[in-house]
Amino acid sequence: MAVLELTNISKHFGAIQAVNDVSLSIEPGQVVGLMGDNGAGKSTLVKMIAGNFRPSHGTMQMDGKDLILHKPVEARQHGIEIVHQDLALCNNLTAAANVYLGRELRRGVGPFRILDYASMYKRAGQIFAELKSETRPRDLVKQMSGGQRQAVAIARTMLSQAKIVLMDEPTAAISVRQVAEVLNLIRHLRDQGIAVVLISHRMPDVFTVADRVIVMRRGRKVADKTIASSSPEEVTGLITGAIEQV
Amino acid sequence: MAVTLDQTIAQKQHTLLSKMFASQTFWVVIAVILACLFLSFATDAFATQKNLYNITRNITFVAIIALGMTFVIITGGIDLSVGSVLCLSSMVLAVTMHAGYSIEIGILASIATALAIGAFNGILIAYLGFPPFVVTLGMLSIARSLAMVASNNTVVFQFGPDHNKLLALGGGAWVFGIANPVLYMILLALITGFVLRWTKFGRHIFAIGGNEHAATLTGVPVRQIKVAVYMISALSAGIAGIIQTGWLGAVTTNLGTGMELQVIAATVIGGANLAGGVGTAFGAIVGAALIEVIRNSLGLLGINAFWQGVFIGGAILLAVLFDRIRNFRRND
Numbered sequence: 001m002a003v004l005e006l007t008n009i010s011k012h013f014g015a016i017q018a019v020n021d022v023s024l025s026i027e028p029g030q031v032v033g034l035m036g037d038n039g040a041g042k043s044t045l046v047k048m049i050a051g052n053f054r055p056s057h058g059t060m061q062m063d064g065k066d067l068i069l070h071k072p073v074e075a076r077q078h079g080i081e082i083v084h085q086d087l088a089l090c091n092n093l094t095a096a097a098n099v100y101l102g103r104e105l106r107r108g109v110g111p112f113r114i115l116d117y118a119s120m121y122k123r124a125g126q127i128f129a130e131l132k133s134e135t136r137p138r139d140l141v142k143q144m145s146g147g148q149r150q151a152v153a154i155a156r157t158m159l160s161q162a163k164i165v166l167m168d169e170p171t172a173a174i175s176v177r178q179v180a181e182v183l184n185l186i187r188h189l190r191d192q193g194i195a196v197v198l199i200s201h202r203m204p205d206v207f208t209v210a211d212r213v214i215v216m217r218r219g220r221k222v223a224d225k226t227i228a229s230s231s232p233e234e235v236t237g238l239i240t241g242a243i244e245q246v
Numbered sequence: 001m002a003v004t005l006d007q008t009i010a011q012k013q014h015t016l017l018s019k020m021f022a023s024q025t026f027w028v029v030i031a032v033i034l035a036c037l038f039l040s041f042a043t044d045a046f047a048t049q050k051n052l053y054n055i056t057r058n059i060t061f062v063a064i065i066a067l068g069m070t071f072v073i074i075t076g077g078i079d080l081s082v083g084s085v086l087c088l089s090s091m092v093l094a095v096t097m098h099a100g101y102s103i104e105i106g107i108l109a110s111i112a113t114a115l116a117i118g119a120f121n122g123i124l125i126a127y128l129g130f131p132p133f134v135v136t137l138g139m140l141s142i143a144r145s146l147a148m149v150a151s152n153n154t155v156v157f158q159f160g161p162d163h164n165k166l167l168a169l170g171g172g173a174w175v176f177g178i179a180n181p182v183l184y185m186i187l188l189a190l191i192t193g194f195v196l197r198w199t200k201f202g203r204h205i206f207a208i209g210g211n212e213h214a215a216t217l218t219g220v221p222v223r224q225i226k227v228a229v230y231m232i233s234a235l236s237a238g239i240a241g242i243i244q245t246g247w248l249g250a251v252t253t254n255l256g257t258g259m260e261l262q263v264i265a266a267t268v269i270g271g272a273n274l275a276g277g278v279g280t281a282f283g284a285i286v287g288a289a290l291i292e293v294i295r296n297s298l299g300l301l302g303i304n305a306f307w308q309g310v311f312i313g314g315a316i317l318l319a320v321l322f323d324r325i326r327n328f329r330r331n332d
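Residue numbers (the UniProt record's numbering), protein chains in the order written: chain A, 1 to 246; chain B, 1 to 332.
So that you can see chain B by itself, here it is in the shape it has in the complex (with noise of 0.2 angstroms):
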């Protein structure tokens, strides 16, 4: 019987199911069952109701920024900075509390000092043709130095008038006994993964990853949309600023050191591709949840801490390589 070109077209390339199975991000899910299974199972501390807090909110801050990371990633670019941003976004909210303002104005100025750097980033990137890895760890070194300079490299506690405010705000749990932190998570995935799904800006940003000259050859506004996608980026890395300040209640000039990489590790063993062109807001909360569960468990089963970059450096290793191996089948 002959196949007509209507049955061709009508018929479905991908179930869902296969989809599924095809996808890096459903087995970094699985992991991080399978891995909390057995903690449970294996440990008396695990499944208590203080270490999952813990653990959920731990896993908030590399999260929150692993989305704003994840919209640079897929535009194909690398943002090292963030881990900066956010501390110096943290100073910034904190010398002013401390000089007696109050939280919304802290907030207001972190939030503008955050934007002002990603635009920074963002037009040196786009306008000015720099490569990504190169301003951005121009910014790592400025940001971190900058936070140095508005604190005089001092420890910031006392937060003025609003001190408590911000400390709820960021320790507090306000609803049935969930971390505030994990709460903001929540509400930023859901965002992050409505504007990749269902706005043109979203589409845009795939496409930039994709083939940034079709992007520019079809009208996209190229220059534009990367500038805001590393305004986004820092944006992330200041609300996270912010909620670990108010977490902690206290800024140092060393917070968020690192911090780039653990992000940038959630964001590609969730499933992102540094090349460009593929991330989703859940791999990079997964992603995220991974290091966390792996860093937890490590301290729960009594391993070396020394131990840990190992860990979560195979676990980069390995995500990448299930990768790999599902396009060795491919060109087969």
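The shape of chain A in the complex, shown without the other chains (with noise of 0.2 angstroms):
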């Protein structure tokens, strides 16, 4: 069963149609590309699924239910992480406290309850060991590299038992060394079970780490299929629009 499911999706704000009449499913487990040029909707279409915005018609499902997200809290209770473009990490803050950023661990009784440090040193020490990553959780994120502020990023997504993790072009502006890490996380994503969305602009790295590439145009879906029957230049030409529709 979907993990996922939208059904004629449409947002618009005002006269412009951002997103028009998409649906899609994502199986548990996949990792789906989902590609376009600037303005193709793919923001708003994750935006939607994150619970920024609610979407003017149709609807999306979760296991088989009705999804309704009012804001991004929402979301992130139902199971859906997302991994921002800006990773959203506080440099003066170390790994294990940008993991936990609000949800941290407390021990105590009531009121008087105080940060366990303790145990979100070792939590984030075994994610980042499961994601086989060199990243130390008491290390600051502004002493860091690319690649493991990518891993702290994802490990945020990891603490609670995600189901779908929606990844804002994870590998735009970091080095070819760190890209190789970053697809390795995902990798690590995917064989526990969870399903990926990856944004992004790089062909490589689509064709590389994911089972099924989604392209949209103009606020519309043109082609979802899988990675073994598609070709970076059919991609390309579904993109610019050189390719009408697949």
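Think of the hints as simulated: they come from the structure by calculation, not from any bench. Please read these numbers as outputs of a predicted model, since none were measured by experiment. Any given hint might turn out to be false.
Derived Cβ-Cβ restraints for the label pairs, each shown as a range [as the list claims (entries may be wrong)]:
(1) B:GLY219 x A:ARG54: 10 to 20 angstroms
(2) A:HIS188 x B:PHE311: 50 to 60 angstroms
(3) A:GLN17 x B:PHE26: 54 to 64 angstroms
(4) A:ASP191 x B:LEU183: 24 to 34 angstroms
(5) B:ILE186 x A:ARG113: 22 to 32 angstroms
(6) A:GLN126 x B:LEU187: 56 to 66 angstroms
(7) B:PHE41 x A:ARG113: 43 to 53 angstroms
(8) B:LEU261 x A:GLU134: 53 to 63 angstroms
(9) A:GLN85 x B:GLY219: 14 to 24 angstroms
(10) B:SER18 x A:HIS188: 32 to 42 angstroms
(11) B:GLY313 x A:ARG54: 52 to 62 angstroms
(12) B:PHE26 x A:ALA129: 32 to 42 angstroms
(13) A:ARG177 x B:ASP323: 29 to 39 angstroms
For each residue, glycine too, the CB sits at the ideal point set by N, CA and C.
Put the two chains together into one complex; each comes in its own frame, and the hints tell you how they fit.
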């Protein structure tokens, strides 16, 4: 069964039709590349799944149940995690503090509860180990490489039992070696049965790691096929409009 | 031999000692200690019980407000209204008690005034998006003006039936001959340190200063916390005002004039970063101590008091210079 199913989703802002009648379904443990030029509607689509916007039309279902989101926190409660393009990290805090930001562990009784540093360091360390990342929970994020920063942002999604992780341009603006690291992180998520939606401009990344590619143009879904049955040339054609639809 | 992932992760980046040497607060503490040692030998008057009593007590008023200011500065904000809020709170206390009410009611009214002003600042900043500098600059003017209105610009020095209680509260020395204000300062510093290090609220304050956008995205209640920090800052000014009233035994409408700059100086000298994200309770106290030791020493060494500003300003620049040098080294 699909973990996330979108049916005839549209979103318009006044007269502007940002997303137009898009249907798609995402299976558990599947990596889906979401591609399209700037303004194609990728971000708007993702923001609806993330609870930032409500769709103007259409329905979203999660595990077969209707999904109505009013704000981002609710998406998180449903197991939808987002890795933002700018990663949303605080440089002045440690890796562990960033992983737990907004859902800090505490110990104590009633109103007398203090931060549980030991447990947060321990669990964060376990997650980094699972991700096979050389990230130390006690290090400040400002001292970290781009790949490590990505690991911190991704580790955040693994705190709770995420079902689907949306990643917005995770490989933009990092070095080649770090891109390989990030693609590995994505594979680790997939291996744990988590569905990953990878929004990217980078053709090689999508063709390396994704199982499926969805292409959007001018608010419409113009392609949705397996990586094996597509090619970078075809996807480029679809993005630019040289190929109308497949 | 290959280094495994676990070994890399287990490796500690900083020892306790290297962390200490890298901290601005540490060097300011050294400066304070050296200055005290020097003054003890250079002058007869410094290491006397009376002078030490004076110094420790004088530190407290700036230090207590610096503790509150630390919260604001960590979030990346600034509160210029504290000097005026101190004056207004003192005046509310004085006028209430002068009118015949008990000390409890006076303190309650004074604290309530401070909190209301803090909430007003905070709401304008957090919910309406006003720049903190502008809002608190406006409040600097408003609060002092209100203090003048409340007292009709007179000096209040009679505090009704609980007059002596108030003087004892601020001017007494109930434990081991340590001035009461010092005790309040230590207590408030401990609370501040605890909140910053051990509570979710404290963690979120640092997060807001580090990356406000990230804090919002991860579900930190940024707006509520911002209102809270401006209320804390105003509250600290209110508390300092009450204690100072008890110590001085009189309130004038120019009480706390220019104090906001001393408070901000203390916070910055103690290691807080005006860009946000960095600051400690201990640093605020140490910063206040350095300023007071400088001021005291100039008097004892017979240097014209007009030079005070030069030395305090120099200390601010020197403290930040150390921070810059460390950053240059890190970037190399």
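Results of checking the hints against the structure:
1. B:GLY219 x A:ARG54: 10 to 20 angstroms: Given a distance of about 18 angstroms, which is inside 10 to 20 angstroms, the answer is holds.
2. A:HIS188 x B:PHE311: 50 to 60 angstroms: Given range 50 to 60 angstroms: holds, Cβ gap about 58 angstroms.
3. A:GLN17 x B:PHE26: 54 to 64 angstroms: Given about 60 angstroms between the Cβ atoms, the range holds.
4. A:ASP191 x B:LEU183: 24 to 34 angstroms: 59 angstroms Cβ-Cβ, so the 24 to 34 angstroms window is violated.
5. B:ILE186 x A:ARG113: 22 to 32 angstroms: 24 angstroms, holds
6. A:GLN126 x B:LEU187: 56 to 66 angstroms: 39 angstroms, violated
7. B:PHE41 x A:ARG113: 43 to 53 angstroms: The hinted range 43 to 53 angstroms holds for B:PHE41 and A:ARG113, with Cβ atoms some 49 angstroms apart.
8. B:LEU261 x A:GLU134: 53 to 63 angstroms: With a Cβ separation near 46 angstroms, B:LEU261 and A:GLU134 fall outside 53 to 63 angstroms, so the hint is violated.
9. A:GLN85 x B:GLY219: 14 to 24 angstroms: The hint (14 to 24 angstroms, Cβ to Cβ) holds, given that A:GLN85 and B:GLY219 are roughly 18 angstroms apart.
10. B:SER18 x A:HIS188: 32 to 42 angstroms: 34 angstroms, holds
11. B:GLY313 x A:ARG54: 52 to 62 angstroms: 54 angstroms, holds
12. B:PHE26 x A:ALA129: 32 to 42 angstroms: Check passed, 34 angstroms falls within 32 to 42 angstroms.
13. A:ARG177 x B:ASP323: 29 to 39 angstroms: 32 angstroms, holds
In summary, the numbered hints that this structure violates are 4, 6, 8.
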